[in-house]
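Next come the chains, spelled out residue by residue.
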Amino acid sequence: MPANHRTWHVLRYLPVMPAVVLLLVFLAGPVLWAFQASLTNAGLTGRHVRNPEWVGLDNYQRLLQDPVFPLSLALTVLFVAGSAIVGQNVLGLALAVLMRRARPAVSATVGTVVVAAWVLPEIVAAFAAYAFFSRDGTLNQLLGRLGLAETDWLYTVPMAAVVLANVWRGTAFSMLVYRAALNGVPAELTEAAQMDGAGAWQRLAFITLPVIRGSIATNLMLVTLQTLAVFTLIWVMTAGGPSNGSTTLPVLAYQEAFKFGDIGYGTAVATVLILIGAVFGAAYLRLLREQRP
Amino acid sequence: MLRWASKTVSLVAASVLVLAACTPADPAGGNKTIKVAYQKTDSFTALDSVFQDAKKEFEAANQGVTVELEPIQANDDDYGTKLALALRSPSTAPDVFYEDTFKVRSDVDAGYLMNLDSRLKGWGDWDKFDAGAKEAGKADDGGTYAVPLGTDTRAIWYNKKVFEAAGIGLPWRPSSWQDILDTARKIKASQPDVIPFNMYAGKGTGEGSVMQGFYELLYGTGSSLYDQDSKKWVVGSAGFKDSLTFLQTLYRENLAVPPAEALDPNIWKKVFGEWFPKAKLGATVEGSYAPSFWQDGGSYAWPGYGQDMAVAPFPTRNGGAPGAVSMSGGWTLAVGAETKQPDLAFNFLTTALNAKNSLAFTVASSQIAVRTDVAADPGYQSANPFVKDVSGLVSVTRYRPATSDYPRISAAVQEATEAVITGSRTPAEAAADYDAAVAGIVGGDKTTRK
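So the protein sequences, as listed, match chains W and V.
To convert, note that position 228 of the first sequence is 228 in my numbering; the numbers rise steadily by one, no gaps.
To convert, note that position 303 of the second sequence is 303 in my numbering; the numbers rise steadily by one, no gaps.
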């Protein structure tokens, strides 16, 4: 019965349909909308609201001439490299390795402290970081008690402050991923290496890391994409200032679209951000695929 | 199997129907709702209480009508953004809303506001509104789209205790920029731990940096931001550079706060809540609404403000005519262009702006009255000791050029002031950066050298 057969064929896809529909509506939809809007001069106010005009690649041309754009791009790379690829990733791995060697009580305490920052809602974590780094904040009070000079951290070194804040907030994720991965390293492999006289560093470099490299690639991809999109943390701590000193691409996109009401230009910045994310994602996915023997 | 599939389909269809039934139906049968959007913060609740009263009044007079109040908790910038986002779609657009005067023109261009001309003709109270204030609600086509709630002016607020300790004769009335610098230096010499004369600058304080700071300087040099006749933006003016130089002097000689502190968006809270009450600040440029923070029930209640504080007009550069500079803003109420109940919405607007409610709002938020009957009310005139001083400045006050390009131009001005006070650019460099930015924003053909 061909009719029945066809129905069966369609029905097999029914369970995944809700997921596919949700992805199309909430992921592909906004991405396409943003791309389409970036080719117009749509605005939040003014005459272009009623009649947005098709301006082709004008917004992208403007972006290339905007002196803030290269700065913002560089700051985004610095933020992602500093806080995600180096900060969260390396610190997370180090914590996971050390926690296996530490006493259970120490390991549990450290784990709780690290995860606590991750459990906080982003806005709360952002305010906590602001309260720590601000002029009358905790850091300056501690330094003052030690007799050291106070510094306006958010003003003099805004990028360092937001990078540290993001490392503090996000390391738990990498730590949890690596703890799970390390549990999967066969004990006999490490023991055999130890028998052959490999030191702790050698075992880490030649046994552990190669075994968990799949997890490393997955973790790198996830933290990179998460960090690329960080907005609230920076907005609350520095609002992109001073003098655009911490304006990463998400902050720039927000400022253009919502502060200056230039939705076309803001979505052009957002589209560039999506492209960067896609490039990173593709690179990591390739890395993952190549590992399969 | 087919039976099962058709069952599933009918189930889905049924749930869609149920969901559809949940969405609010058109309020045809008596029960009508008007949505009202406005700003409310922990230091600005005056409008909220006025709307609460107006809601009661209006619902009692119109049976079956519900007024849905939707306060938006945000600062001025974010409120503007949230309101514009809500106005973009007819399904979220409020029927009546609180609108900043400098956004009226661009929001009319966007088609967000309803033309009120024919309705205002039938409203007796409209004649009681000040003619100058009515201008704020007009769009480029000459029609009126918004009704003013109140206006404000800006002046120098100074602490008499600090001035007395420095041996400066009171009442103080500076006649030039040099006078301000001389006085500030005197205060610095006599009280090193006091901030002598602060002026907002930089992007942290946003619109405050230019409204209560740079524009008082610029418009006192004879220059301006925008040439109204040719409809072009002014670049390359000596006045712009001189104004930046004045700010540079204030900040470089530590007569103002340290630059890092100036860039903190919350600095105004310290000005009102800490520095003035504790006599840690000599003077600053602030709005006529300053008493709303200090009066009983304000967010920084300070019973002694009437005795300790005083007001002086901000002088022109060399004391030239008209001798003083002030900037005005203010807010309005408007009706959404897409409203389904234009009559009810307009009637609610008139209830919220009747003599009683206008008086309550004007007094509670220390606004300058825009209704002649409110201005003549003894309750308004005695609302705070400074009503007369700040109302007098209406004769010299200026308004911002409220075009759609203005927010970006304003940001460029803020950037120029920030570059100068932090020392990253000289006034000449910052002015050149500004000129380039303006040409980039509006196009070179819409700028004029003066």
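What the hints contain is simulated information worked out from the structure, not anything from laboratory work.
This structure is a prediction, so every number in the text was calculated from the model and none was measured.
Beta carbons: idealized from backbone N, C-alpha and C, even for Gly.
Where hints are given, some of them may not hold.
[To be verified] Derived Cβ-Cβ restraints for the label pairs, each shown as a range:
#1 V:A428 <-> W:L146: 38 to 46 angstroms
#2 W:L120 <-> V:D127: 55 to 63 angstroms
#3 V:R449 <-> W:A149: 44 to 52 angstroms
#4 W:R135 <-> V:K82: 54 to 62 angstroms
#5 W:T109 <-> V:A189: 25 to 33 angstroms
#6 V:A189 <-> W:A149: 39 to 47 angstroms
#7 W:V157 <-> V:G236: 31 to 39 angstroms
#8 V:Q178 <-> W:P121: 49 to 57 angstroms
Evaluation of the provided hints:
In this structure the hint that A428 (chain V) and L146 (chain W) lie 38 to 46 angstroms apart at CB holds, the actual value being about 43 angstroms. Distance hint for L120 (chain W) and D127 (chain V): a CB-CB separation of about 57 angstroms, consistent with the stated range 55 to 63 angstroms. For the pair R449 (chain V) and A149 (chain W), the beta carbons lie near 46 angstroms from each other, so the given range of 44 to 52 angstroms is met. The given range of 54 to 62 angstroms is broken by R135 (chain W) and K82 (chain V), whose C-beta atoms sit roughly 29 angstroms from each other.
Look at T109 (chain W) against A189 (chain V): about 56 angstroms separates their beta carbons, and that is not inside 25 to 33 angstroms. Distance hint for A189 (chain V) and A149 (chain W): a CB-CB separation of about 26 angstroms, inconsistent with the stated range 39 to 47 angstroms. About 36 angstroms separates the C-beta atoms of V157 (chain W) and G236 (chain V), a value consistent with the hinted range of 31 to 39 angstroms. Q178 (chain V) and P121 (chain W) have their C-beta atoms about 53 angstroms apart, which keeps the hinted 49 to 57 angstroms range intact.
Checked against the numbered hints given earlier, this structure breaks hints 4, 5 and 6; the rest are met.
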